[in-house]
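As they're listed, the protein sequences go chains A and U.
The first sequence finishes on residue 114 if you use the working numbering, and the numbering steps up by one all the way, no holes.
The second sequence finishes on residue 1110 if you use the working numbering, and the numbering steps up by one all the way, no holes.
By construction, these hints were calculated from the structure, which means they are not laboratory data.
Quick reminder that beta carbons are idealized off the backbone N, C-alpha and C, glycines included.
Hints are not guaranteed to be accurate.
[Stated by the list, open to error] Label-pair ranges, simulated between beta-carbon atoms: (1) A/S73 x U/G1039: 20 to 28 Å; (2) A/I113 x U/S1107: 13 to 21 Å; (3) A/S80 x U/K1067: 27 to 35 Å; (4) A/F12 x U/T1076: 23 to 31 Å.
[Claimed, not checked] A few chain A residues that don't get close to chain U, going by computed Cβ distances all over 12 Å: (5) Q41; (6) K70; (7) S73; (8) T79; (9) P85.
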Amino acid sequence: DGGITQSPKYLFRKEGQNVTLSCEQNLNHDAMYWYRQDPGQGLRLIYYSQIVNDFQKGDIAEGYSVSREKKESFPLTVTSAQKNPTAFYLCASGSYRESTQPQHFGDGTRLSIL
Amino acid sequence: QQPVQSPQAVILREGEDAVINCSSSKALYSVHWYRQKHGEAPVFLMILLKGGEQKGHEKISASFNEKKQQSSLYLTASQLSYSGTYFCGTGNSGNTPLVFGKGTRLSVIA
């Protein structure tokens, strides 16, 4: 069954620590995205990648980093520079002509500060 | 620019109808609609491309008014399963990421 797998489901971060959220897809999609969701804020774009070895900042990239070494994988690192990391993080994928095709979402990772 | 959704929240009784609106200040190429249950992933409902085409499946349909830069989602004869938060995502061209609205929380009660 094709889909997007995010792990872990829950993650706790200590002060000054970097943490990495995993996102893997087997849908053969070119484009992948990371969104942050806070209550009442909708989905805000952190980073996106339309092709391997290339990625672009979204609206709220500060304090985050990504890599896209393989088509299937798009991990997100929440660095210690992100002072308010508590949120629900969603990974999504879609075809290259992203505005005309549906996005498929993973089940999300809930990140909290210890 | 984030699209504006209205209303922010609505409560319906089973069998009632609802309309959710999504307006943009920019010219739209496409509008996506998704529904999210609490703590779960958003689920795709439909896409509308510029051209004013109305789409639908079962009792959920949507329209896209290119001139007014807005889309409306119509839910008829609502069921308990329709409860959730509805998001619109707007695209300004074919190859740019979507921008999502803040969502409309829909609650259907028996």
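Satisfaction of the hinted span 13 to 21 Å by the C-beta atoms belonging to A/I113 and U/S1107: 30 Å, violated
Hint check for U/K1067 and A/S80 - Cβ pair distance inside 27 to 35 Å: 48 Å, violated
Consistency of the no-contact label for A/T79, given chain U and a CB cut of 12 Å: Holds, since 22 Å exceeds 12 Å.
12 Å cut-off, C-beta based - A/Q41 kept clear of every residue in chain U: 6 Å, violated
Distance rule for A/S73, whose beta carbon must clear each one in chain U by more than 12 Å: 18 Å, holds
Claimed clearance of chain U by A/P85, with the beta carbon kept past 12 Å: 18 Å, holds
Supplied distance hint 23 to 31 Å, evaluated on CB atoms of A/F12 and U/T1076: For U/T1076 against A/F12, whose Cβ atoms are near 44 Å apart, the range 23 to 31 Å is violated.
A/K70 remote from chain U - nearest C-beta pair above 12 Å: At roughly 20 Å from the nearest Cβ of chain U, A/K70 sits farther out than 12 Å, so the non-interface label holds.
Range hint 20 to 28 Å (beta carbons of A/S73 and U/G1039) holds or violated: 24 Å, holds
Hint violations for this structure: numbers 2, 3, 4, 5, all remaining hints satisfied.
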